[in-house]
Structure formats: C-alpha cells, structure tokens
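Work the whole structure out from these sequences, hints included.
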Amino acid sequence: MRQLDLKASSIRRLVVVLTFAVMAIAGLTSGTFAGNSGNHVWKSVPRAQIKLDDRTPLAWNIFQTTQKKEANLVLIQLGRRYIALDIKTRVAYTVPLSDLRPSGGDFESGDLFVESRVLPTDNWSLRDVGPAELIKLKLNDYGTMLQIELPHAPDLRGLY
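If you read the sequence shown in our numbering, its first letter stands for residue 12, the second for the next number, and so on.
Hints were generated in silico from the structure; no laboratory data involved. Be a bit skeptical, because a hint or two may be false.
Straight-line distance between alpha carbons at most 25 Å, and here's what the computed BS3-like set of lysine-lysine pairs gives [as the list claims (entries may be wrong)]:
| no. | residue 1 | residue 2 |
| --- | --- | --- |
| 1 | Lys149 | Lys62 |
| 2 | Lys99 | Lys62 |
| 3 | Lys54 | Lys79 |
| 4 | Lys79 | Lys147 |
| 5 | Lys99 | Lys80 |
| 6 | Lys54 | Lys147 |
| 7 | Lys149 | Lys99 |
| 8 | Lys99 | Lys79 |
| 9 | Lys80 | Lys54 |
| 10 | Lys62 | Lys147 |
| 11 | Lys99 | Lys147 |
| 12 | Lys80 | Lys147 |
| 13 | Lys99 | Lys54 |
Listed next, with one range per pair, are the computed distances between beta-carbon atoms [claimed, not checked]:
| no. | residue 1 | residue 2 | range |
| --- | --- | --- | --- |
| 14 | Thr155 | Thr77 | 25 to 33 Å |
| 15 | Asn134 | Ser55 | 46 to 54 Å |
| 16 | Pro57 | Asp122 | 22 to 30 Å |
| 17 | Ile22 | Ala164 | 47 to 55 Å |
| 18 | Ser109 | His163 | 30 to 38 Å |
| 19 | Lys99 | Gly141 | 33 to 41 Å |
These numbers come from a predicted model, not from an experiment. A virtual CB, placed ideally from N, CA and C, is assigned to each residue, including glycine.
Below you can see the structure in the form of structure tokens.
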C-alpha cells in the first residue's frame with residue numbers, strides 16, 4: 012500500500028510541474044505574439060520639431076511608439092491629417108482618424124502600416140545632427156517638403 016501512495020504522490024508532483032511548465036510556456040508565447048499583433052501605443056515626443064517647406068505648421072504633433080524595437084515608427088499630426096512613417100523602409104502611410112483611439116494626450120491604434128494607404132513620397136534624407144535625427148522627405152500629394160527632428164533618447168549608461 013505504501014508503494015501505491017508513493018507512486019500516486021509522484022504522479023501528482025509530475026502533473027503539478029507539467030501544469031506550471033505549460034502555463035509558463037503559454038504565457039511566454041502569448042506575450043510574444045501580443046507584441047507582434049500590430050497594436051501600438053503612441054506617446055507624444057516633447058522636444059521634436061516639424062517643418063513644412065521651412066515653416067512650422069500651426070497645429071502639429073509627433074508621436075512614437077513605446078516599444079524601443081519600434082523606434083523607426085513615427086506618427087505625425089498635421090492639423091487634422093495624420094501620417095505614419097516607417098523610417099527604416101522609408102515609406103509614408105495616410106492614417107484615417109477612425110484608426111486612432113485617444114488615450115489621454117496619446118493614442119492607441121491597430122496596424123497603421125497598410126499597403127493600400129501608402130503615400131507617394133520622394134527625396135528621403137536621414138541624418139544624425141547631434142542631439143537629434145533629421146528626417147526630410149517630399150510629400151508628393153501636396154508637393155511640400157516635410158522636415159522632422161526627432162531627439163535621441165538620452166544615454167544614461169554612465170549614471171549607474
């Protein structure tokens with residue numbers, strides 16, 4: 012009878028360990044897929060600058076995602092118009108206001124980088140200008156030059 016109790020307790024332990032292992036693996040994979048689901052949280056970039064044909068627009072804002080891996084994604088507000096930029100691939104996308112969900116002063120959205128919404132652009136230029144990244148491109152639908160200065164994230168490695 013004692014051997015049966017030992018076998019039953021060993022089986023119970025094995026079941027508990029396997030259950031925790033399956034839960035841990037499920038948690039890891041769901042987190043991995045959640046990051047790739049196309050959902051973005053857009054935060055305003057406080058020290059960013061923008062110019063259209065060397066003039067600052069009356070109403071504008073620049074947003075970036077909260078994910079460091081997605082630092083190449085930028086959302087621009089020009090009056091009532093929103094444009095999403097993928098700086099790495101040098102592609103601009105028009106963004107309907109209905110795709111953005113306000114969250115305080117920031118936005119949440121699904122995937123804004125849809126092939127059918129590509130804006131025609133030319134003359135992309137990316138330069139590091141000290142404390143910022145300077146991005147220039149021509150918006151062909153308006154025939155205007157768009158210039159954006161995105162400040163670099165501060166390097167805090169020496170402080171700790």
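Results for each hint:
1. Lys149 <-> Lys62: This hinted pair holds, its Cα atoms lying about 12 Å apart.
2. Lys99 <-> Lys62: Cα-Cα ~20 Å, so holds.
3. Lys54 <-> Lys79: Status holds; Cα separation ~12 Å.
4. Lys79 <-> Lys147: It holds: about 22 Å lies between the C-alpha atoms, which stays within 25 Å.
5. Lys99 <-> Lys80: Satisfied, since the Cα-Cα distance of roughly 12 Å is no more than 25 Å.
6. Lys54 <-> Lys147: holds (21 Å)
7. Lys149 <-> Lys99: holds (16 Å)
8. Lys99 <-> Lys79: OK: Lys99 and Lys79 at ~14 Å, within 25 Å.
9. Lys80 <-> Lys54: holds (15 Å)
10. Lys62 <-> Lys147: holds (9 Å)
11. Lys99 <-> Lys147: holds (13 Å)
12. Lys80 <-> Lys147: OK: Lys80 and Lys147 at ~22 Å, within 25 Å.
13. Lys99 <-> Lys54: Distance ~19 Å between Lys99 and Lys54 Cα, so the pair holds.
14. Thr155 <-> Thr77: 25 to 33 Å: For Thr155 and Thr77 the Cβ distance comes to about 29 Å; the hint holds.
15. Asn134 <-> Ser55: 46 to 54 Å: 27 Å Cβ-Cβ, so the 46 to 54 Å window is violated.
16. Pro57 <-> Asp122: 22 to 30 Å: Holds, at about 26 Å.
17. Ile22 <-> Ala164: 47 to 55 Å: holds (52 Å)
18. Ser109 <-> His163: 30 to 38 Å: The hint (30 to 38 Å, Cβ to Cβ) holds, given that Ser109 and His163 are roughly 33 Å apart.
19. Lys99 <-> Gly141: 33 to 41 Å: The hint (33 to 41 Å, Cβ to Cβ) is violated, given that Lys99 and Gly141 are roughly 21 Å apart.
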